[in-house]
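Let's have the full structure, built from the sequences with the hints guiding it.
There are 2 protein chains.
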Amino acid sequence: MTRVMAEQLQRLDAWWRAANYLAVGMIYLQDNPLLSEPLQPAHIKSRLLGHWGSSPGQSFIWAHANRVIRSHDLDMIYLSGPGHGAPGVLAPTYLDGSYSEIYPDKSTDAAGMQRFLKQFSFPGHIGSHCTPETPGSIHEGGELGYVLSHACGAVFDNPSLIALACVGDGEAETGPLATSWHINKFLNPASDGAVLPVLHLNGYKIANPTLLARIPREELASLMRGYGWEPLFVEGSEPMAMHQAMATAMDSAINRIQEVQAEARRSGDPTNVNRPRWPMIVLRSPKGWTGPAELNGKKLEGFWRSHQVPLPDPKRDPAQLGQLEAWLHSYRPGELFDEQGSLIPELRALSPSGQRRMGSNPHANGGLLRRRLNLPPVHTYAVPVEQPGQHEAENTAPLGELLRDAIALNPDSVRVFGPDETASNRLQAIYEISKKVWMEEFLPEDLNGSELSRSGRVVEMLSEHTLVGMMEGYLLTGRHGFFHTYEAFAHVIASMFNQHAKWLESCIHHAPWRAPISPWNCLISSTVWRQDHNGFTHQDPGFIDLAGNKSGEVVRVYLPADANSLLAVAEQALQETNVCNIIVSDKQKHLQYLTLEQARAHVAKGIGLWSWASNDECGTEPNEPDVVMACAGDIPTKETLAAVEILRREIPSLKIRVLNVVKLFALTTPGEHPHGLSDRDFDSLFTTNRPVIFNFHGYPWLIHRLTYHRTNHVNFHVRGYKEKGNINTPLELAMNNQIDRFNLVIDVIDRVAGLGSRAAHVKERMKEAILANRAHAHEHGMDAEDVTNWRWNPLPAAAHAGESPI
Amino acid sequence: MTRVMAEQLQRLDAWWRAANYLAVGMIYLQDNPLLSEPLQPAHIKSRLLGHWGSSPGQSFIWAHANRVIRSHDLDMIYLSGPGHGAPGVLAPTYLDGSYSEIYPDKSTDAAGMQRFLKQFSFPGHIGSHCTPETPGSIHEGGELGYVLSHACGAVFDNPSLIALACVGDGEAETGPLATSWHINKFLNPASDGAVLPVLHLNGYKIANPTLLARIPREELASLMRGYGWEPLFVEGSEPMAMHQAMATAMDSAINRIQEVQAEARRSGDPTNVNRPRWPMIVLRSPKGWTGPAELNGKKLEGFWRSHQVPLPDPKRDPAQLGQLEAWLHSYRPGELFDEQGSLIPELRALSPSGQRRMGSNPHANGGLLRRRLNLPPVHTYAVPVEQPGQHEAENTAPLGELLRDAIALNPDSVRVFGPDETASNRLQAIYEISKKVWMEEFLPEDLNGSELSRSGRVVEMLSEHTLVGMMEGYLLTGRHGFFHTYEAFAHVIASMFNQHAKWLESCIHHAPWRAPISPWNCLISSTVWRQDHNGFTHQDPGFIDLAGNKSGEVVRVYLPADANSLLAVAEQALQETNVCNIIVSDKQKHLQYLTLEQARAHVAKGIGLWSWASNDECGTEPNEPDVVMACAGDIPTKETLAAVEILRREIPSLKIRVLNVVKLFALTTPGEHPHGLSDRDFDSLFTTNRPVIFNFHGYPWLIHRLTYHRTNHVNFHVRGYKEKGNINTPLELAMNNQIDRFNLVIDVIDRVAGLGSRAAHVKERMKEAILANRAHAHEHGMDAEDVTNWRWNPLPAAAHAGESPI
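Sequences listed follow chains A and B, in order.
Our numbering puts the first residue of the first sequence at 225, with every later residue one more than the last.
Our numbering puts the first residue of the second sequence at 225, with every later residue one more than the last.
Don't read these hints as lab results, they were simulated from the structure.
Check the hints yourself; a few may be wrong.
Since the list gives no way to pick out one identical chain from another, each pair is judged satisfied if it fits inside one copy or across any two copies.
As the list claims (entries may be wrong) - Pairs of lysine-lysine, BS3-like flavour, derived with a Cα cap of 25 Å:
1. K522 <-> K991
2. K539 <-> K813
3. K879 <-> K987
Predicted, not measured: the structure shown is a model, and the values here were computed from it.
This is the structure we're talking about:
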């Protein structure tokens, strides 16, 4: 390993001092950015916010990354795990000119610098994390734990890219981060790029030592090797010695990465390589490095008190003001910036140029690189439906075929992510074109059923956190991803969804220079209504409630009832940008209702009147029906139809309108969500005054919340899941939660006036049916045959026979 | 290490065969439990459910645990990480007699065995995980990832207890599990018990190899050592060799644990011990061990196809029926059970007796051991309040004092858990009595500010998953715990909350033999309305929406507006049992309104009429006010009061009633939640026809959902967080989301008819105030002084002056 020239490192140190100077300035200064006059209280911001602690360490890493980018002509991006230390990232992007190019008023002169410093963590301006406004950032770091999975997603299928991922030692304690070291089991050195983790041990969290900074060094080395990485240690506090050590480590790491990749790519066959031991760097440096050593006898540098604002009140305390001024001067800004406030050319030259700058690398504004998803013609996968409700099919299977061909048509830019359930969720057609990526050992039996490959497009790991992190990294660098998971355990990544939705919302409103990216897709399968043996723990349809808390601009929820509806949803949803699509569709066999053409019309509108199931002579009189039977979701739709059949047979005079909701947010107003139906359309479907029995997939109150402003809301009676479950047959679970056919019939009878004694008799029979079916299930372990084999029974032609099912 | 006698291991193997026989029986048989006649299709359940894969490995571990419990007289419980393999746990609890003691109809004879086998995963009966109905279980394993943190919580302050924790290799890939190996940094060998992890490498998840089973053995050993454990390897498939290896490993592990503990306890001073390298066992055995080798040429044993039901259809396929019968006979049940169906005495003797049986250990029914929480008199901590709304205090600080003294009064049975924020959340009074537990290295500077100790009652780690897991383990073994976290990141443990709530709900309804346990407490601090620099990522008050999806029997939500209300909430909430308490209270300084006595009355009712702020001559005429101003949460309460002050000054004729909600679920009906107010009480507070302007801490629709059935719901106008945030001053964030005083005044003016031109003028001034305050914030970085220093300004005495503030 060559030792880097001392002179070169002196310059690098000067660049680092410039970055640190700006970082301190961001936290404290609203004026006098170059210290061209003695520091006054008026120059200090009124409210001091931001995290100094990890900032100098991060700009140290950035400075050394610049060196190797230039020396090796690398394509590299930086992800800040401890994103709270944004000053350590913002300053470098200002020094390399990226910031001023995007925000011309933050120009590279004194006036621009003043605005750049003042805006930081200032009301109405930018945040103190690596928010979307930060050039070069694809990882905000507001929530901790996802930097390695984001980095991994970024380098998938980007063989020339290196993602330099700074892992905070606080962050490293989180579960998601702890398991994400295993990303190396999914990175192919031939066809993917490399992740270079820098575990930044600065010793402390907010007020505590960190675990990884305090365990014995040999344990830490053992841990990293156990995770499959080869650690390179850079430890100390004296800047020049640290520069030398870091330069050596970076050279070593880059050389190792390039050797590994060259070796793997020699044969040209990515299916024939093995997992290398990738390098990673342990950077152990003081928290608040180069900051004040102490305040009033209390240790600051190298202690947790440097976490945020080390000198809390220089505006009011003259002693602190003096300390701050000395601190700023310690970086010798006069040697770094010229009189106009521009970084001197000698230091400017240390940043790479153009798109090689980590503040301007296009991979970090992935929408720029994104190619439109090339979807195959969806009709190829359509399930034939001659009569609605006659045949069953696995709703998700055709989607698997669609994804298979999407992978074929978009080489190297589509990946499917799931914990362990691609086949369990009936998406196994994908394996016809691509297997599961797996860089570990193969056993002979894997050839017969494991569907593993060194270069698969499917990523399976039993960590929803890691998968979603990978998908996000993939999307943010301009590609297409699809995640599927169990419904109840979508909550595991609830906070990740929140953060991604907020990221998109911020991009739209605060960083319009970011080009739109592909949708965050989540197929929720293995749903609440089919948990025969997993039981109560696997019954939670509440993830869509969470989704409803985020802005309608960026969230979509779909509840297709059959295979063609799911295809039509996918066709629309997969091609949107800057949204999160949540698609709820169970994997089991379900009755099929709509042809693809009908399904497309259904999805286009969001709510469909199923006239083939209705007998209300729809369309002529908006308030004609006696009752509206609405449904959303596969099982609730089937139960609603079964109830309609009973009602039409038993009480033929009752006029029923059947509505099916496929876009959940069609229920709300257009002002709340772009899917929202106009009040006029809504009223014409749901009437303004008739009882509506709404059978819903999820917790019932979500429907009330969405329809709260609608004219007829007061007549909505919603059924849904209400935490009444255990080991139950499908019908029994439905009955326990009253979304079943029998209870729905009772609901109608209870809410439609004047049905007479016949209705009372029907109601009694429904109660008997509930008891009989429960007894049957408990005796025989399954639903009765007439329930299991139930099919929609076409009734005598109504006035509108022959009409389209929509 | 002594080699265990072959004869002893032969008997142990016979016991294991009995367990395996029962496990297979559970999955397949509804009759003919002892194979006393040839197996017929009628004996097979109609629907085959359950997980065979890890069951034999788990009963293998159990068999060997029984051996060391007896030989060393151990106090041991078993936690099943891969809880899906419940047959491997249920069978042992049946064999040791525990099951029949709790469920006498599942007696230890043929008839009881038939019922025992049939009930498994059968509609209306027990689930296929280690559900609450499972004797000896405190860990269902329905959701994966928490077995080590649960085990750690169980042994905290239980020095004689060993928690044997089976970690599934699929589970081991989850983030929560991956970081929870670090529990050893918090376990004191002198004062805590021991966790003995058994990493069960059976090679496969549902359809994939597992990472840890496929990485090189030296990497796995390195990983475990890096986590601080000393691995003992037990690997193979030949039963007798495996019994010998496992017996040796278990002896070795137990001896090592006892040596470590003896050494640590010798001096009698737990503050003076260091972290040992605890043993753990790697058990590598075939998936579906002892099951059929293959089916139709496809590998079963040792492959993922053994995950659930290896022979899928013996009821209809005679060849499979024959294979199943041979499989069952391979365990030689005739040698294991007598003619009545009882385990033969020689094998019965292999289980420990009484409470030493892992199916009957009282730690696993912790409510039995639980001592009532001894709370100090709460008035000691009360904040003096002479006039409401005049002085600020940190709302959570007195709670910290209460927790401090609760720790003192309940030695060894109260712990406080938080990511890194006990002081940040202003609970630092706790440190006066007890520090943060820390088994890692101490540095000199730790003496001056780190608050670390070998035997602290506070547990801090930057993993909400691990902390909540620890707390749950602590609660489930009969102790008291308190978790506090950032509001936005409560979503991180959303799924854990769901699972615990479901566990409690199941205990109440399906396992009444479980004694009630202490509440799952979560203080949500650092809330949405004070995120000056963390900004948008830290703004999400939706955790309480999630809570509202669970049964009202087990969930409580509190929104105390001041310090005394928080004390009164704590006094009530901490002493409940079998509930989850979610308490939302910001850590910053807030105005104080109620004396402790008033706060207690307020909490008792749940919603209070604050007559001191009202001018509607309350009590005489229920429908008297022109408008009801309701509020819930600290910041919304302050803004409501500020709006009321403006309205009373500017429009004195307007009759305003001020309501404050402290128990969120008081808003709903008593049928939905035990906190629910009767309709009569609700109507008398909220009126039946006047406009209600409700200022809410969270997302606004939650209030609509809760009040949906109330008479006056149609007149509710709710303000709350609606995802409009960035870097904002407190007032600006409130204004963006329209929960601020100015917007509230406008809301009232817009909704109360007949206020005249004066009101129109006030409305204009409010709009000007919004613009002026936003401009001030963007210019100066903070709110204007008159907003920051705002105090409730007592108005001229109203008719009811002198009345109690409630």
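Hint check results:
{"no.": "1", "hint": "K522 <-> K991", "result": "neither (74 Å within a copy, 47 Å between copies)"}
{"no.": "2", "hint": "K539 <-> K813", "result": "between (68 Å within a copy, 21 Å between copies)"}
{"no.": "3", "hint": "K879 <-> K987", "result": "within (17 Å within a copy, 50 Å between copies)"}
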